[in-house]
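Student: When you get a sec, could you build the whole thing from the sequences and use the hints?
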Amino acid sequence: MSESWDDNDELCGEFCSESRDMLAEVEPVLLELEGSSGAIGEVDPGVIDSIFRAFHSMKGSAGFLGLDTIVSVTHSAESLLDLFRQEPALLRSEHVTALCRTMDFVNVLLDQVEVTFNDGGHEEEGRAIAQRLEVLIESTRPGGGKGGAVPEASPAADPPSVAASGPTDEIGVDDAVAPVFASAPVRPAEASEADRIPLATRAPDERVESDEARFEKPAPPAATVESPSVPEAASSPGPIDAASGSEEPGGPIRRASPAPGAKASKGTIRVDLERLDHLMDLVGELILAETMVTHSPDVEGLHLPRFEKAAVHLNRITRSLQDVAMSTRMIPIGATFRKMLRVVRDLARKQGKEVELELAGEETEIDKTVVEAIGDPLVHIVRNSVDHGIEMPDVRNAAGKPRMGRVRLEARHQGGEIWILIEDDGKGLDREAILAKAVSRGLIDEEAAQELRDPEIFRFVFEAGFSTASKVTDVSGRGVGMDVVRRNIENLGGKVEIASELGVGTQITIRLPLTLAIIEGMLVRVGDLVYTLPLLSIRESIPIETADVTRLNGGGEMVRVREGLIPMLRLHDYHGVEARAERLEDGIAIVVEDQECFCLFVDEVIGQRQTVIKGLPAYLGSLRGVSGCSILSDGDISLILDVSSIEGDLRASPSRGVGDE
Amino acid sequence: MDDVGLDELEGHLDDEVANEGSGRHLTFQLAGQVYGIELRRVREIVRAQRATPVPDVPDYVLGVMNLRGTVVPVVDARRRMGIQAREADERTCVIVCSYEGEGVGVVVDTVCDVIDVDEADVVEARSEVSTRNAMIRGLVRTTAGVRILLCLDRLLERQARSDESVAA
Chain A
1 MSESWDDNDE LCGEFCSESR DMLAEVEPVL LELEGSSGAI GEVDPGVIDS
51 IFRAFHSMKG SAGFLGLDTI VSVTHSAESL LDLFRQEPAL LRSEHVTALC
101 RTMDFVNVLL DQVEVTFNDG GHEEEGRAIA QRLEVLIEST RPGGGKGGAV
151 PEASPAADPP SVAASGPTDE IGVDDAVAPV FASAPVRPAE ASEADRIPLA
201 TRAPDERVES DEARFEKPAP PAATVESPSV PEAASSPGPI DAASGSEEPG
251 GPIRRASPAP GAKASKGTIR VDLERLDHLM DLVGELILAE TMVTHSPDVE
301 GLHLPRFEKA AVHLNRITRS LQDVAMSTRM IPIGATFRKM LRVVRDLARK
351 QGKEVELELA GEETEIDKTV VEAIGDPLVH IVRNSVDHGI EMPDVRNAAG
401 KPRMGRVRLE ARHQGGEIWI LIEDDGKGLD REAILAKAVS RGLIDEEAAQ
451 ELRDPEIFRF VFEAGFSTAS KVTDVSGRGV GMDVVRRNIE NLGGKVEIAS
501 ELGVGTQITI RLPLTLAIIE GMLVRVGDLV YTLPLLSIRE SIPIETADVT
551 RLNGGGEMVR VREGLIPMLR LHDYHGVEAR AERLEDGIAI VVEDQECFCL
601 FVDEVIGQRQ TVIKGLPAYL GSLRGVSGCS ILSDGDISLI LDVSSIEGDL
651 RASPSRGVGD E
Chain B
662 MDDVGLDELE GHLDDEVANE GSGRHLTFQL AGQVYGIELR RVREIVRAQR
712 ATPVPDVPDY VLGVMNLRGT VVPVVDARRR MGIQAREADE RTCVIVCSYE
762 GEGVGVVVDT VCDVIDVDEA DVVEARSEVS TRNAMIRGLV RTTAGVRILL
812 CLDRLLERQA RSDESVAA
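Taken in sequence, the protein lines are chains A and B.
If you read the first sequence in the numbering used here, its first letter stands for residue 1, the second for the next number, and so on.
If you read the second sequence in the numbering used here, its first letter stands for residue 662, the second for the next number, and so on.
By construction, these hints were calculated from the structure, which means they are not laboratory data.
These numbers come from a predicted model, not from an experiment.
C-beta: ideal position from N, C-alpha, C; glycine also.
In silico negatives: residues of chain B with every beta carbon more than 10 angstroms from chain A:
1. Arg685
2. Ala692
3. Gly693
4. Arg702
5. Ala709
6. Gly743
7. Ala749
8. Thr753
9. Thr771
10. Val775
11. Asp782
12. Val784
13. Asn794
14. Val801
15. Val807
16. Cys812
Derived CB-CB ranges, DEER-like:
17. A:Gly554 x B:Gly806: 54 to 62 angstroms
18. A:Gly576 x B:Arg819: 13 to 21 angstroms
19. B:Val784 x A:Asp44: 47 to 55 angstroms
20. B:Arg747 x A:Ala310: 37 to 45 angstroms
21. B:Arg729 x A:Ile269: 24 to 32 angstroms
22. B:Arg729 x A:Thr328: 18 to 26 angstroms
23. B:Arg729 x A:Leu502: 56 to 64 angstroms
24. B:Asp782 x A:Asp44: 51 to 59 angstroms
25. B:Arg747 x A:Leu314: 35 to 43 angstroms
26. B:Asp720 x A:Glu582: 20 to 28 angstroms
27. A:Gly555 x B:Gly806: 50 to 58 angstroms
28. B:Ile744 x A:Arg551: 36 to 44 angstroms
Tutor: Written out as structure tokens, the structure reads:
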């Protein structure tokens, strides 16, 4: 790369750790595909899709970092996988082998990238791998020659560096690719150790290090660098290793490099995220215990001025403690935003566009896990804005716009949520093109399409495989991306909205909860139970009467809310509990929204609470319409409702949760 | 009955669990009959508390309870064993056991004692009993009477959901 960027090593480091994580995730999936059926008859297209996406995003990031060899091999791998997205049955073990080889090669490159920040010197091996993949693509393509033409070779060619990386040696080796690894400059112990560091603990740690220099920790003693023990190389790279929370992340190569150690400590330490979670749990418990003491029936009604005073003091301390504990998990979103500068710059340069990126609200603090998870979706959206949104300078000129396109990224707090806005002043979304595509893909019939309003039409953009770009670029247009974006954001308990005006620009709003550990919830009562509804999904609550409700023939109920009819579900019937409100007039309907609006009928609304989210015990399996639980101030447990899965159930069988009145 | 106070037993447990005597069993009562489960699987014993019911579970899963901030599923041993359920009283206990790395609470009428069981003394239950109830792994005679030893894994085994029970 010709230009040096201050944050180059930071970006490279992050790219390496993310890519390793992705590879580590994909490999077992791929191997399982192979193992689950010898002949690979039935393959889940969704699984293929997830592998495809991993390669796709790796390729994208590598492109921005100028890692050409990685781009070329991942591009070929992606093209190969693309075939199976259409026709999963074509996947055979030789493909799996070739893909695993590719992943090994990328891992080797990543080791180098971590130290030198480039992947030069492996062009030839890269070409060999890409070629091999291309041969497979040709022979696999429906109508093309059979893949059997490609020779499989003996496993004897397996060099030690590959053997050390674990799962790969379970697969046959073919000599078209194997020699590549023999020349790879990686010692066995290093390769295995890098693999062995678990995903779960490693990824967060490393990102803290790269995002936030202040989380720096002194480099480990040099002795550890000198003792890569060979027995370790033989140990299996298990995906989870609870003991290694103390492992120095970053892989052995980084250890050997003097750079990280040279950075001065800024009076901060790195803390295992698990410990912070534990701290949060304990603080929650403390607050509960405090309530139990200060509101104990034993002291009720007594005149205890000194006790009262002490109680108030205690309360103040516990609340501040809670705030502090919460804030330990929060980091500013700035580092993630700044990654986008590079994304925009490189993409604009590549396409001959002029684009400036404006950042606002960089100091906005978000839960660390949210910040991490929002990175990829943000890259996708920003990339889309530049690629599809911003026009070429001449086109802009002709349209009377400034030559320089503008993309604006903003983060801000908005009513207990974090909003991230991505705006561009590009050509906007073409309503008609999206509609045409939606109709042609059978997402909607032509008649219904005429009645859709803009927000509903724009929502199609988030459907899987939906891309209106006419040609496939190496950036976007394959239709991966926006559906993943939506899913990622929804997994965080957030929402994504899109608004656009043709010729003027597009605005995407990501709404996220402040933290994943805490939920802003509305407590509602059904019989003896108290449920928590995520505040984000609540529209309003309305009293209803029997006259408002229409019964459907196929089961199910619709309730009239002002001008429209929306489906209603009685929570007590849905969960089979006894309600107090026998008549509709005694209860209340809460209008919630996920994809569409629907009503939940409950006994009463208790009020808004901020509660700590706890997972459900695995023993219970997954519970219908429940995403987790929280502990109420009286020590009782409240189930947190999952509005989107309830909506799914309601669609699948509208008669569920209908009263017998 | 040879039962002991809950507090006394709790202190007792600490010593016992530490030395991991695998032959040690905790005994408890259900409808007058005394049963035993392996002590090393017992994490703690707590007084009965209200369980929050959850959907989509078999009827013997009462729900979840709050064990000092941890959410623990609760199984009613009576219902699980096919014994008539009853209201909790002041002697009702929840035995928190380890099951697949998690704590699972088992509601029993009352806990009794910790006994030593020599595996050689365990006799298989008569066949009609064991087919009727696969949770019983054997019987053992003690000075205080016959104890029915239960297999905790079978007792807590997750079964097919009693699904669609609330469908319209």
